Structures are given as structure tokens and as C-alpha cells.
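Start from the sequences, fold in the hints, and give me the full structure.
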Amino acid sequence: DLSLLLDVVLKTTSGQVKKDFVACGLLNQLHQTIGRNFGKEYSMVLRKVLRVVEALPLTADVVYSVRSAHGTFANVLQELSSNADFDVRSKASALLKKYTLAACTDP
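Residue 358 in our numbering sits at position 32 of the sequence shown; the count goes up by one each step and never skips.
Check each hint, because a few of them may be wrong.
BS3-like mimics (lysine-lysine), calculated; alpha carbons at most 27 Å apart, straight line [said to hold, decoys possible]:
#, residue 1, residue 2
1, K366, K345
2, K424, K344
3, K374, K424
4, K345, K424
5, K374, K423
6, K374, K344
7, K344, K423
8, K337, K374
9, K337, K424
10, K424, K366
11, K345, K374
12, K423, K337
13, K423, K345
14, K423, K366
No lab work stands behind these hints, which were simulated from the structure alone.
Fair warning: this is a prediction, and the values are worked out from it, not measured in the lab.
What follows is the structure, given as C-alpha cells:
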């Protein structure tokens with residue numbers, strides 16, 4: 327179950343393990359999981375995914391380099407920042423402000 331896997335990441339306290347999650351492509355997997363599922367029925371999962379992203383030791387370079395056929399993870403955050411759910415919208419907007427394109431060292 328996706329929710330249980332996300333809980334494992336959220337309950338991880340070791341910074342090194344979180345870095346290993348990022349190095350093993352967790353953000354890419356989350357990006358693929360979100361896909362185009364932006365509707366209200368996915369709000370609960372989207373909130374949890376965004377909490378996981380907030381908890382990971384990411385850089386702007388990672389956020390803008392993870393991509394699929396639909397664009398980068400930052401593009402997904404932009405779409406989520408106009409989501410109908412307030413929590414999803416506010417968390418996505420906060421992440422976009424935290425990881426700006428200007429902060430990328432390897433555009």
C-alpha cells in the first residue's frame with residue numbers, strides 16, 4: 327500500500343537514510359506515482375506525498391532534473407499549486423518557493 331510506504335519514509339529519522347532514498351530515485355518514483363492524478367479524490371495521497379517531499383534532503387537541482395514525459399517534478403508542483411485542495415495547493419506552493427529555478431547550479 328502506497329500510504330504505508332510513505333509512512334516509512336516519513337518516520338525515518340536518519341538523515342543518511344533519507345539521502346539514500348533520494349540517491350536511489352525516490353523523487354522520481356513519487357513523480358511517476360503522481361502522474362496526472364490531480365483530482366479531489368487523490369487529495370489525501372497528494373498531501374502525504376508532499377509531506378514526504380518536504381522531509382527529504384532535496385536541492386533545486388534534483389527537483390528540476392527529475393522528469394517524465396509530462397515535464398519536471400517542478401512542473402508537477404506548479405500544477406499542484408492550483409489544486410482544489412487547500413493543503414495540497416499550499417504545500418506545493420511552499421516547495422516551489424523553497425526550490426526556485428534560480429537556485430539550480432546545473433540547469
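Now for the hints, and whether the structure bears them out:
About 31 Å separates the Cα atoms of K366 and K345, which puts this hinted pair outside 27 Å; it is violated. Of the supplied pair hints, the one linking K424 and K344 holds, its CA atoms being roughly 18 Å apart against a limit of 27 Å. At most 27 Å may separate the alpha-carbon atoms for a hinted pair to count; K374 and K424 meet this at roughly 18 Å. A threshold of 27 Å between alpha carbons decides the hint, and for K345 with K424 the separation of about 18 Å falls inside it, so the pair holds.
For the hint pairing K374 with K423, the CA-to-CA distance comes to about 19 Å; that is within 27 Å, so the pair holds. Of the supplied pair hints, the one linking K374 and K344 holds, its CA atoms being roughly 16 Å apart against a limit of 27 Å. As the CA atoms of K344 and K423 are separated by approximately 21 Å, the hinted pair is consistent with the 27 Å bound. Simply put, K337 and K374 have alpha-carbon atoms about 12 Å apart, close enough for the 27 Å limit, and the pair holds.
Between the alpha carbons of K337 and K424 the distance comes to roughly 22 Å, so the proposed pair stays at or under 27 Å and holds. Our distance criterion of 27 Å between C-alpha atoms is met by K424 and K366, whose separation comes to about 25 Å. Taken as a hint, the K345 and K374 pair is honoured in the structure, with Cα atoms around 19 Å apart against an allowance of 27 Å. Distance restraint check for K423 and K337: the Cα-Cα separation of roughly 25 Å lies within the 27 Å cut-off, and the hinted pair is therefore satisfied.
A C-alpha spacing of about 21 Å is found between K423 and K345, which places the hinted pair at or below 27 Å, so the restraint holds. Restraint check for K423 and K366: satisfied, since their Cα atoms lie roughly 23 Å apart, inside the 27 Å limit.
In terms of the numbered hints stated before, the structure departs from hint 1 and from no other.
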